[in-house]
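Listed below, chain by chain, are the residues.
Number of protein chains: 2
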Amino acid sequence: MISVLAGGVGAARFLKGLVLAVDPSDVTAIVNTGDDTILHGLNISPDIDTVTYTVAGAIDPERGWGLADESWTAMANLARYVAVRPRGSTAAPDWFNLGDRDLATHFYRTARLAEGATLSDVTAEIARAWNLPISVLPMTDDRVGTMVNIIEDGRESTVTFQEYFVKRRHSVPVTGVRFHGIESARPTFLAHLANSDGIIIAPSNPIVSIGPIRALPGVNEALEIARDRVVAISPIIAGAAIKGPADRMLLELGFEPTVVGVARLYAPICGTIVIDQQDAHRRDEVESQGVRCVVADTIMRSPEITKALAETTMRAIRNGD
Amino acid sequence: MISVLAGGVGAARFLKGLVLAVDPSDVTAIVNTGDDTILHGLNISPDIDTVTYTVAGAIDPERGWGLADESWTAMANLARYVAVRPRGSTAAPDWFNLGDRDLATHFYRTARLAEGATLSDVTAEIARAWNLPISVLPMTDDRVGTMVNIIEDGRESTVTFQEYFVKRRHSVPVTGVRFHGIESARPTFLAHLANSDGIIIAPSNPIVSIGPIRALPGVNEALEIARDRVVAISPIIAGAAIKGPADRMLLELGFEPTVVGVARLYAPICGTIVIDQQDAHRRDEVESQGVRCVVADTIMRSPEITKALAETTMRAIRNGD
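Protein sequences appear in the order of chains A and B.
Number 232 in this note's numbering belongs to position 181 of the first sequence; there are no gaps in the numbering.
Number 286 in this note's numbering belongs to position 235 of the second sequence; there are no gaps in the numbering.
Hints in this document: simulated from the structure, not taken from any laboratory.
Cβ coordinates follow ideal geometry from the N, Cα and C atoms, glycine included.
One should not assume that every hint holds.
Calculated Cβ distances over 10 Å to all of chain B for the following chain A residues [as the list claims (entries may be wrong)]:
| id | residue |
| --- | --- |
| 1 | Met52 |
| 2 | Thr124 |
| 3 | Asp151 |
| 4 | Arg152 |
| 5 | Thr209 |
| 6 | Thr226 |
| 7 | Glu272 |
| 8 | Glu275 |
| 9 | Gly295 |
| 10 | Glu307 |
| 11 | Ala318 |
Computed spacing ranges between beta-carbons, pair by pair [what the hints assert, rightly or not]:
| id | chain 1 | residue 1 | chain 2 | residue 2 | range |
| --- | --- | --- | --- | --- | --- |
| 12 | A | Gly232 | B | Ser353 | 53 to 61 Å |
| 13 | A | Ala291 | B | Ser122 | 34 to 42 Å |
| 14 | B | Pro184 | A | Ile89 | 28 to 36 Å |
| 15 | A | Arg138 | B | Asp348 | 41 to 49 Å |
| 16 | B | Gly167 | A | Ala134 | 14 to 22 Å |
| 17 | B | Gly232 | A | Ser122 | 36 to 44 Å |
| 18 | B | Gly167 | A | Ser122 | 27 to 35 Å |
| 19 | A | Ser122 | B | Asp348 | 40 to 48 Å |
| 20 | B | Asp120 | A | Gln328 | 20 to 28 Å |
| 21 | A | Ala291 | B | Gly232 | 34 to 42 Å |
| 22 | B | Leu304 | A | Ala134 | 42 to 50 Å |
| 23 | B | Ala119 | A | Leu241 | 50 to 58 Å |
| 24 | A | Ala127 | B | Pro75 | 47 to 55 Å |
Reference excerpt, derived from the structure (chain A facing chain B, CB under 7 Å, subset only) [stated by the list, open to error]:
| id | residue |
| --- | --- |
| 25 | Gly92 |
| 26 | Leu93 |
| 27 | Ile95 |
| 28 | Asn128 |
| 29 | Arg131 |
| 30 | Thr161 |
| 31 | Ala162 |
Start from the sequences, fold in the hints, and give me the full structure.
Below you can see the structure in the form of structure tokens.
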């Protein structure tokens, strides 16, 4: 059994390669839900949907999120209501795009949760609806909200992750991140960690994607115990994130936005780190953090490259034993 | 000031004519909310939307409900989830069509109600978004649910109005109707009734559209007091409803599905009834119920005919004084 700790786009792309390299029925994606939000009364789980749609082959390949062949009719019709919304109201949030096809997923999730189903149940049902060959598990069935302290117009404030990431296009400095509700949230996957032959930390944002998963009660400790079976793929390549604000966020929060900084963050819970060829010259620095280091092509430009990366990762797991 | 007690399609069409006959800013539509429902977590108010969209000129003229130039992408994508829905779950209700354009209205309503706005507030905002020249008022800000006792496969059961009307296409016998929550619901419009120069009971289903409005605490009594200023347009023409199950429902619940039956139902609260030319021969029978009777062309086939009906209705109000 292989467990993959996953955020959104990067993790989803890696999983798409992993299912080419191992028996998909052995794979469980354990997905961040700190980005989950409620918009228009609908329960939105962005990372779960990105993983599901990507592994299903239904994702829009250009955007990296949402469904291919999407239309935006419902969104377009919000403008009329934005114009009459009273001061102080946040109804008709037109900054978070939800495609018409995609809406069916949020409708189903919202209705099932209202019926009393757990997010784990609903996520498994949605995975089945898309004929997914892997298991997808939300990191918790409890509500955790990633909150981001930002500086805007010289003033510090706290916003939800989506208000930072989507509404402000992650273009403001971050001074802190916390996970609301994390102390009382129960992880769904402690048994998975204990029973997995390998645990992969996908190339996701270490702070806001892997961070909430690690912060759940008992998880960091379970990863420490499993450390020799844990392999992380660095989301930072040559000092930059392929997508998203991971590099800037690391820097702003006092971490080094390099493979060495990633190694330092993951060393307590991870025996091996896979870094990109472009960072091969930093291999010794990475290993000096106390982790094994494997060099590979980690830019997932094609199914073949992604499959090769997954195979390298699986070899690293076996070598860790 | 003119108050119009309104259900859905018939009332909406009448209002579209009324605004041609009087100053629209004098008109308040008081709309049934017993049909309101929650689907996919969204607050749906079918009669309010039909009135709003129709008066705005945005209604689909063929269907009589929903927006013109509509697409159905979100609905079409529910099928995938219907297929995996566990036994007993009613998530992904694909029997109630919600168009993609229309969804924006439900999104806005749901988000505003979640913010603590009243349905009256939200309805007024939505009316403003559509530049409506009239006021639209839900009959109450409290939740009232019209429940219908039906016989199906020889067995009696109770379903919500939409489960009867839409899901079963009102094709099953009705043995009773009740309005859940009506005793504690507060009408929004008692002051309107007291201050109106005229009160019009639109050509709507007397049982399930006008019925809930009358059943709100204090309303029937207020209408009795205002009786001389109340004019009803019969929704029954030559023993049949133009649209919907009003005729069958009247019969099944022990009322006569004719203008005489309508007169009997409305006589306690209504001084004048407008009946169709096809029923002119029953004028004396109608008047024997203790109401004045006016004969007009009540089939609203064109704006001109509808405007003339509204003018006739307004004259009847003035003659009532």
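Checked hints:
1. Met52: 24 Å, holds
2. Thr124: 4 Å, violated
3. Asp151: 4 Å, violated
4. Arg152: Violated, since 5 Å does not exceed 10 Å.
5. Thr209: About 19 Å separates threonine 209 of chain A from the closest Cβ of chain B, which puts it past 10 Å; holds.
6. Thr226: Holds, because the least Cβ-Cβ distance between threonine 226 of chain A and chain B comes to about 28 Å, which exceeds 10 Å.
7. Glu272: 34 Å, holds
8. Glu275: 37 Å, holds
9. Gly295: With a cut-off of 10 Å, glycine 295 of chain A remains clear of chain B, as the shortest Cβ separation is near 27 Å.
10. Glu307: Non-interface label stands for glutamate 307 of chain A: nearest chain B Cβ at 41 Å, farther than 10 Å.
11. Ala318: With a cut-off of 10 Å, alanine 318 of chain A remains clear of chain B, as the shortest Cβ separation is near 41 Å.
12. A:Gly232 / B:Ser353: 53 to 61 Å: 59 Å, holds
13. A:Ala291 / B:Ser122: 34 to 42 Å: 40 Å, holds
14. B:Pro184 / A:Ile89: 28 to 36 Å: For proline 184 of chain B and isoleucine 89 of chain A the Cβ distance comes to about 35 Å; the hint holds.
15. A:Arg138 / B:Asp348: 41 to 49 Å: Holds, at about 47 Å.
16. B:Gly167 / A:Ala134: 14 to 22 Å: 21 Å, holds
17. B:Gly232 / A:Ser122: 36 to 44 Å: Since the Cβ atoms of glycine 232 of chain B and serine 122 of chain A sit about 38 Å apart, the hinted range of 36 to 44 Å holds.
18. B:Gly167 / A:Ser122: 27 to 35 Å: With a Cβ separation near 32 Å, glycine 167 of chain B and serine 122 of chain A satisfy 27 to 35 Å, so the hint holds.
19. A:Ser122 / B:Asp348: 40 to 48 Å: Since the Cβ atoms of serine 122 of chain A and aspartate 348 of chain B sit about 43 Å apart, the hinted range of 40 to 48 Å holds.
20. B:Asp120 / A:Gln328: 20 to 28 Å: 53 Å, violated
21. A:Ala291 / B:Gly232: 34 to 42 Å: 58 Å, violated
22. B:Leu304 / A:Ala134: 42 to 50 Å: 44 Å Cβ-Cβ, so the 42 to 50 Å window holds.
23. B:Ala119 / A:Leu241: 50 to 58 Å: 54 Å, holds
24. A:Ala127 / B:Pro75: 47 to 55 Å: 28 Å, violated
25. Gly92: 4 Å, holds
26. Leu93: With a closest approach of 6 Å, the leucine 93 of chain A hint holds.
27. Ile95: 11 Å, violated
28. Asn128: 3 Å, holds
29. Arg131: 5 Å, holds
30. Thr161: 4 Å, holds
31. Ala162: 4 Å, holds
Going through the hint list in order, the structure does not satisfy hints 2, 3, 4, 20, 21, 24, 27.
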